[in-house]
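A.B. asks: Below are the chains, spelled out letter by letter.
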Amino acid sequence: MIFINNLSYRYPNGTLALDSVDLHIRKGEFIAIAGKNGCGKSTLLRHINGLLVPCEGYVVVKGMDTSDTSHIQDIRRVAGMVFQDPESQFIGMTVEEDVAFGPENLGLPPEEIQNRVDSSLNIMGMMGQKNHTPRTLSGGQKQKVALASVLAMEPEVILFDEVTSMLDSMSRNDILLHVKQLHENKTTVVYVTHHLEELVYADRLVVMDKGRVIHDGNPRIILRQGNPLNLGIELPPVIELSRRLCDSGLITPAFFPLSVEELREVLCQLM
Amino acid sequence: MDSLFMSFVPGDSIIHRLDPRTKILGLMLASICIFYASSFEWIALIALVFVILILVCKLPLKHFVHSARPMILFFVILFLMQLLFTEGKPIFSSKWITISYEGLVLGTILTLRFIFLLLFAALLTTTTSPSKITAGIEKFLRPLPLKYMGISSHDLAMMMSMSIYFVPMMYDNFRNLKDAQLSRGLNIKKDPVKAIIALSVPLVSISVRAAEDVALAIESRCYKSTGRTSVHMMGLKKNDYICLFLYILLILFCIAY
Amino acid sequence: MSIDVRNVSFFYNRGTSLEKHALENVSFSIEKGEFVLIGGEVGSGKSTLIRHLNGLIKPQSGSITVNGMDVRNKGVRSKVSLLMQYPQKQLFGKTVYEDICFGPSNFGLKGDALAKQVRDALKLVGLDEGVSALSPFSLSGGQMRLVALAGVLAMNPEYLVMDEPTSGLDPENRYLLLSTLSKLHSSGISIVVVSHQICELLPHAEKVIILKNGCIDFIGTPKEYLMSVSSPLPEITSLMKDLRLEGFNVRDDILTVDDAFLEISNALRSRGAKQNG
Numbered sequence: 000m001i002f003i004n005n006l007s008y009r010y011p012n013g014t015l016a017l018d019s020v021d022l023h024i025r026k027g028e029f030i031a032i033a034g035k036n037g038c039g040k041s042t043l044l045r046h047i048n049g050l051l052v053p054c055e056g057y058v059v060v061k062g063m064d065t066s067d068t069s070h071i072q073d074i075r076r077v078a079g080m081v082f083q084d085p086e087s088q089f090i091g092m093t094v095e096e097d098v099a100f101g102p103e104n105l106g107l108p109p110e111e112i113q114n115r116v117d118s119s120l121n122i123m124g125m126m127g128q129k130n131h132t133p134r135t136l137s138g139g140q141k142q143k144v145a146l147a148s149v150l151a152m153e154p155e156v157i158l159f160d161e162v163t164s165m166l167d168s169m170s171r172n173d174i175l176l177h178v179k180q181l182h183e184n185k186t187t188v189v190y191v192t193h194h195l196e197e198l199v200y201a202d203r204l205v206v207m208d209k210g211r212v213i214h215d216g217n218p219r220i221i222l223r224q225g226n227p228l229n230l231g232i233e234l235p236p237v238i239e240l241s242r243r244l245c246d247s248g249l250i251t252p253a254f255f256p257l258s259v260e261e262l263r264e265v266l267c268q269l270m
Numbered sequence: 000m001d002s003l004f005m006s007f008v009p010g011d012s013i014i015h016r017l018d019p020r021t022k023i024l025g026l027m028l029a030s031i032c033i034f035y036a037s038s039f040e041w042i043a044l045i046a047l048v049f050v051i052l053i054l055v056c057k058l059p060l061k062h063f064v065h066s067a068r069p070m071i072l073f074f075v076i077l078f079l080m081q082l083l084f085t086e087g088k089p090i091f092s093s094k095w096i097t098i099s100y101e102g103l104v105l106g107t108i109l110t111l112r113f114i115f116l117l118l119f120a121a122l123l124t125t126t127t128s129p130s131k132i133t134a135g136i137e138k139f140l141r142p143l144p145l146k147y148m149g150i151s152s153h154d155l156a157m158m159m160s161m162s163i164y165f166v167p168m169m170y171d172n173f174r175n176l177k178d179a180q181l182s183r184g185l186n187i188k189k190d191p192v193k194a195i196i197a198l199s200v201p202l203v204s205i206s207v208r209a210a211e212d213v214a215l216a217i218e219s220r221c222y223k224s225t226g227r228t229s230v231h232m233m234g235l236k237k238n239d240y241i242c243l244f245l246y247i248l249l250i251l252f253c254i255a256y
Numbered sequence: 000m001s002i003d004v005r006n007v008s009f010f011y012n013r014g015t016s017l018e019k020h021a022l023e024n025v026s027f028s029i030e031k032g033e034f035v036l037i038g039g040e041v042g043s044g045k046s047t048l049i050r051h052l053n054g055l056i057k058p059q060s061g062s063i064t065v066n067g068m069d070v071r072n073k074g075v076r077s078k079v080s081l082l083m084q085y086p087q088k089q090l091f092g093k094t095v096y097e098d099i100c101f102g103p104s105n106f107g108l109k110g111d112a113l114a115k116q117v118r119d120a121l122k123l124v125g126l127d128e129g130v131s132a133l134s135p136f137s138l139s140g141g142q143m144r145l146v147a148l149a150g151v152l153a154m155n156p157e158y159l160v161m162d163e164p165t166s167g168l169d170p171e172n173r174y175l176l177l178s179t180l181s182k183l184h185s186s187g188i189s190i191v192v193v194s195h196q197i198c199e200l201l202p203h204a205e206k207v208i209i210l211k212n213g214c215i216d217f218i219g220t221p222k223e224y225l226m227s228v229s230s231p232l233p234e235i236t237s238l239m240k241d242l243r244l245e246g247f248n249v250r251d252d253i254l255t256v257d258d259a260f261l262e263i264s265n266a267l268r269s270r271g272a273k274q275n276g
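Protein sequences, first through last, are from chains G, Z and B. Each residue of the first sequence is one higher than the one before, counting from 0 in numbering that gives the first Met the number 0. Each residue of the second sequence is one higher than the one before, counting from 0 in numbering that gives the first Met the number 0. Each residue of the third sequence is one higher than the one before, counting from 0 in numbering that gives the first Met the number 0.
These are computed hints drawn from the structure, not numbers from a lab. Take these hints with a grain of salt, some might be off.
DSS-like cross-link-like pairs, simulated, lysine-lysine; straight-line CA separation at most 30 Å [said to hold, decoys possible]:
(1) Z:K57 - G:K129
(2) B:K19 - Z:K189
(3) G:K35 - B:K88
(4) G:K61 - G:K185
(5) B:K19 - G:K129
(6) B:K78 - Z:K188
(7) Z:K177 - Z:K188
(8) Z:K236 - G:K129
(9) B:K240 - G:K179
(10) B:K240 - Z:K177
(11) Z:K188 - B:K109
(12) B:K211 - G:K129
(13) Z:K188 - B:K73
(14) Z:K177 - B:K57
(15) Z:K189 - B:K182
(16) B:K182 - B:K88
(17) B:K57 - Z:K193
(18) Z:K188 - B:K88
(19) B:K109 - Z:K189
(20) B:K88 - Z:K177
(21) B:K122 - Z:K177
(22) Z:K223 - G:K26
Calculated from the model, a selection of chain Z residues having no Cβ within reach of chain B, i.e. all distances over 10 Å [stated by the list, open to error]:
(23) I13
(24) V50
(25) A120
(26) S152
(27) I217
(28) S224
Stretch by stretch, here's where chain G covers chain Z in the computed footprint (C-beta under 8 Å, at least three residues) [unchecked claim]:
(29) 126-138
(30) 163-169
(31) 209-215
Just so we're clear, the structure is a prediction, and the values are computed from it rather than from any experiment. Built from N, CA and C at the ideal position, the CB exists for glycine as well.
Please construct the entire structure, taking both the sequences and the accompanying hints into account.
C.D. replies: Here it is as structure tokens:
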């Protein structure tokens, strides 16, 4: 689906943001990309839908090279993107108009646009807010509208750029469940985050540092070995607890538990 | 900010459902009529039309009054200027001021004109969502040879709707920023120069960042300046043609009168 | 020495058709040196409340005093520092040094005393003195937030009030900020943190206040909070509560990984011993 080959990128000011990254993302995968602020994960994401163009190497999305400007609209339709800041990604005056913006750009007929707007708002459970101004919604609702806006373009890949980092834990879980649902419906998910708690549903974890890929594999195996982001900092509490219980031999689960539910399950089986 | 000021109120009346172009055209005609209204009879006629329109759009008068409220000071000044500085037959005079009959009439008419201008504009903005207004203006601009200047009518309409969106966002940002700097001991009255710097520098950088973010969002959702469609089905219906017919009658009547 | 909030109520757009109740008869106090968490959902009145604490909003009824001084007096702003959400947005100085000077110089500090205050503030937040000559806009997001924090610390506040201080930070910067806060707390400054995500701060706190629709829904110690509320709870605590419901003999007022590990391993071992015996 997405081939990234020997990709390097320098900011206009000369700093190296990506350093020969190779990555192959398969259709239907749920891939999480983690790393500290400034490790290059958002820059990598912006290469996938052609918002940035490689300085070296190439990115190919569904057979289209992102540096070939004649395909750029098709690439962006195939790979939709949800951004971090819920405030500044709205374009429409009402929720409905914002969701319609993408399909309008595709030049679809009005009835088709209306159908897509309604169905994506239904999927995200935001139909009740159709005529609201995006500004009056809560952070979690704003991100759901942003996701609906991307869904209305019917993309095959959705790129998530730290979409939960400004949300409270309840809205975060809500968004995450929606992402999981989309993945189950065959959407390819590329999920950038620095919250390791959010890796429960990912089938692959890529860890970046200083513009390079330093880990690429099963998230449970990588986290079992310790914090891949920084050795000085503990893992999220529940994962740290799982690790200590495993280390001391008290539990020997087949899957390394990453969440409260999973750890409870493992412990209850011991009863 | 008064949240009812010129804001859109969703509804399903005949006026709501009219094509935005019909309404914009209507507002233009109404403005011209108001501009030429020079007697109380004319004003009364305009008031009658306005009342009928309000009854048709089924919205409480309150919304329109709210729209006019922030301008009261302006109206008062306008009225007083005319009242005090128009020469004519004095009806009241003291050592400092003289009020003439002509001043009273002229002041009242002029003030009423502005009030009705505002009320008709409010009628457009309350019954039409901002994006429909921009879509309507976009359609009007389409025949202009803008593309030779390197911009499309979509670009212009987009710029307009983005600025409508940005103003309240910047207002929120400004309020937070002001609170932040006040918390750091800023005294606006004592040190206005410092205050301007402490408020404007961060506001500019916030705006630049917000603009960059929105630009990215627009780009990643495939914006293009030609060949866009709109979710709002725009097309002139029976009621629009009736209105257009009435407009033409009105124009002919005015020319003849 | 404390901030005393007595029977404070506040309406937005008072007397109009858009009147909205933001705070209703709220009373509590913040002692000197205390670490207080104020939680509640969006729209519960949190941000209205903290704007009262340094007089940005004057109470419409009730009273607020800081060390006995009425909050209407602008002098309280040097005692109670308020750091807004995403404080990196408020930076404007040509250099970090200049920006941090802004606060203390507004309260009349000059010369060597000012320079010392700025140096101390940078040290308190753990930033290298080398950054003071740099432009604040050249720093990373996490560093900018620390500069903004230094900017209010340079005013030498007795009470530091913060709105969502960790929002949007990555784990490393979050950890850095939280450890800076506990360092400030142990140096004697009162810390008041307002957040809709209070769980990560519970282990540091001494008092918890939860607002709901403008009223105080809960006030007490973190332990009391864990025992009386069903959500939101820290993940570790909700795990322990779940396990207890499933029949594990574990305490459920637990906040740290260390305690949880101890409890679970004891429960598992005693269970194993029973089965063997």
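A.B. asks: Are the hints correct? Go through all of them and say.
C.D. replies: These are the hints, each one checked on the structure:
1. Z:K57 - G:K129: 22 Å, holds
2. B:K19 - Z:K189: Since the Cα atoms of K19 (chain B) and K189 (chain Z) sit roughly 33 Å apart, the hinted pair is violated (cutoff 30 Å).
3. G:K35 - B:K88: 21 Å, holds
4. G:K61 - G:K185: Status holds; Cα separation ~15 Å.
5. B:K19 - G:K129: 24 Å, holds
6. B:K78 - Z:K188: Status holds; Cα separation ~21 Å.
7. Z:K177 - Z:K188: 13 Å, holds
8. Z:K236 - G:K129: 25 Å, holds
9. B:K240 - G:K179: 26 Å, holds
10. B:K240 - Z:K177: 44 Å, violated
11. Z:K188 - B:K109: Holds - the C-alpha atoms of K109 (chain B) and K188 (chain Z) are around 20 Å apart, at most 30 Å.
12. B:K211 - G:K129: Distance of about 27 Å is within 30 Å: holds.
13. Z:K188 - B:K73: Distance of about 13 Å is within 30 Å: holds.
14. Z:K177 - B:K57: Answer holds: K177 (chain Z) to K57 (chain B) is near 16 Å, not above 30 Å.
15. Z:K189 - B:K182: Violated, because 35 Å separates the two Cα atoms, which is more than 30 Å.
16. B:K182 - B:K88: 24 Å, holds
17. B:K57 - Z:K193: 24 Å, holds
18. Z:K188 - B:K88: 23 Å, holds
19. B:K109 - Z:K189: 17 Å, holds
20. B:K88 - Z:K177: Measuring from Cα to Cα gives roughly 11 Å; hence the hint holds.
21. B:K122 - Z:K177: 27 Å, holds
22. Z:K223 - G:K26: 28 Å, holds
23. I13: 27 Å, holds
24. V50: 22 Å, holds
25. A120: 22 Å, holds
26. S152: 35 Å, holds
27. I217: Its Cβ never comes within 10 Å of chain B, the nearest being 22 Å, so this holds.
28. S224: At about 32 Å from chain B, S224 (chain Z) clears the 10 Å cut-off, so the statement holds.
29. 126-138: Since 3 is at least three, the answer is holds.
30. 163-169: holds (count 4)
31. 209-215: With 4 residues in contact (Cβ-Cβ under 8 Å with chain G), the coverage given for the segment 209-215 of chain Z holds.
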